[in-house]
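Enquirer: Sequential numbering from 1 applies to the sequence shown in the working numbering.
Errors might be hidden in some of the hints.
Here are the simulated distance ranges between beta carbons [said to hold, decoys possible]: (1) LEU107 to ALA41: 38 to 44 angstroms; (2) PHE102 to ALA12: 54 to 60 angstroms; (3) ALA7 to PRO67: 37 to 43 angstroms; (4) ARG49 to VAL5: 43 to 49 angstroms; (5) VAL105 to PRO33: 52 to 58 angstroms; (6) ALA7 to VAL30: 41 to 47 angstroms; (7) ARG52 to LYS20: 29 to 35 angstroms.
It should be emphasised that the hints constitute simulated quantities derived from the structure, not laboratory data.
None of the values given here were measured: they were computed from a predicted structure.
Glycine residues also receive a C-beta, built at the ideal position from the N, C-alpha and C atoms.
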Amino acid sequence: MLNAVGAQSLNALTGQIVPKDIQLATPPQVGAPATEYAALAELKAIASRNKRFTSYIGMGYTAVQLPPVILRNMLENPGWYTAYTPYQPEVSQGRLEALLNFQQVTLDLTGLGYGLCFSSGRGHRCRRSNGDGETRQQTEKCQPLLRGFRCASANAGCGPYSCRKPLVLK
1 MLNAVGAQSL
11 NALTGQIVPK
21 DIQLATPPQV
31 GAPATEYAAL
41 AELKAIASRN
51 KRFTSYIGMG
61 YTAVQLPPVI
71 LRNMLENPGW
81 YTAYTPYQPE
91 VSQGRLEALL
101 NFQQVTLDLT
111 GLGYGLCFSS
121 GRGHRCRRSN
131 GDGETRQQTE
141 KCQPLLRGFR
151 CASANAGCGP
161 YSCRKPLVLK
């Protein structure tokens, strides 16, 4: 292969291909080689310094019979619940399409005017719903729709329109 491209060695070939302004003058310092066991022990020591904070994943889920195909392809696929902006545009587009389809079915079944599936965060949806309700209460002088409710702990502290304060539409 080197003869076909006219290079004497792999380093010479790399020098011909990689632009000079991004080539390293000296090899990177990566440390001494380690066995798999030693590398895992070092990673475990580093990970043990992590602090545990409140997890917002899975708050408010209830026990349901879930089809295995959905369990396998959505809930067991971390791309659906860890990244708000997936790296692959196809995944992002598919997620948005699934949210839009779910929202449209919900609107068709309930007869509601609009849905909130566009929001990735549950707290944001709660905050937006309560904010929209208070705006409607002030502008349209609505009749009471809701006097109080209990909500999942993930929604309990969702800002100025907190679920702890019952929304009363007048």
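Enquirer: Does each hint hold? Answer for all of them.
Expert: Hint-by-hint comparison with the structure:
1. LEU107 to ALA41: 38 to 44 angstroms: With Cβ atoms ~54 angstroms apart, the hint is violated.
2. PHE102 to ALA12: 54 to 60 angstroms: holds, 57 angstroms
3. ALA7 to PRO67: 37 to 43 angstroms: violated, 56 angstroms
4. ARG49 to VAL5: 43 to 49 angstroms: holds, 48 angstroms
5. VAL105 to PRO33: 52 to 58 angstroms: holds, 56 angstroms
6. ALA7 to VAL30: 41 to 47 angstroms: Taking Cβ atoms as reference, ALA7 and VAL30 lie about 26 angstroms apart, which means the hint is violated.
7. ARG52 to LYS20: 29 to 35 angstroms: About 48 angstroms separates the Cβ atoms of ARG52 and LYS20, which means 29 to 35 angstroms is violated.
In summary, the numbered hints that this structure violates are 1, 3, 6 and 7.
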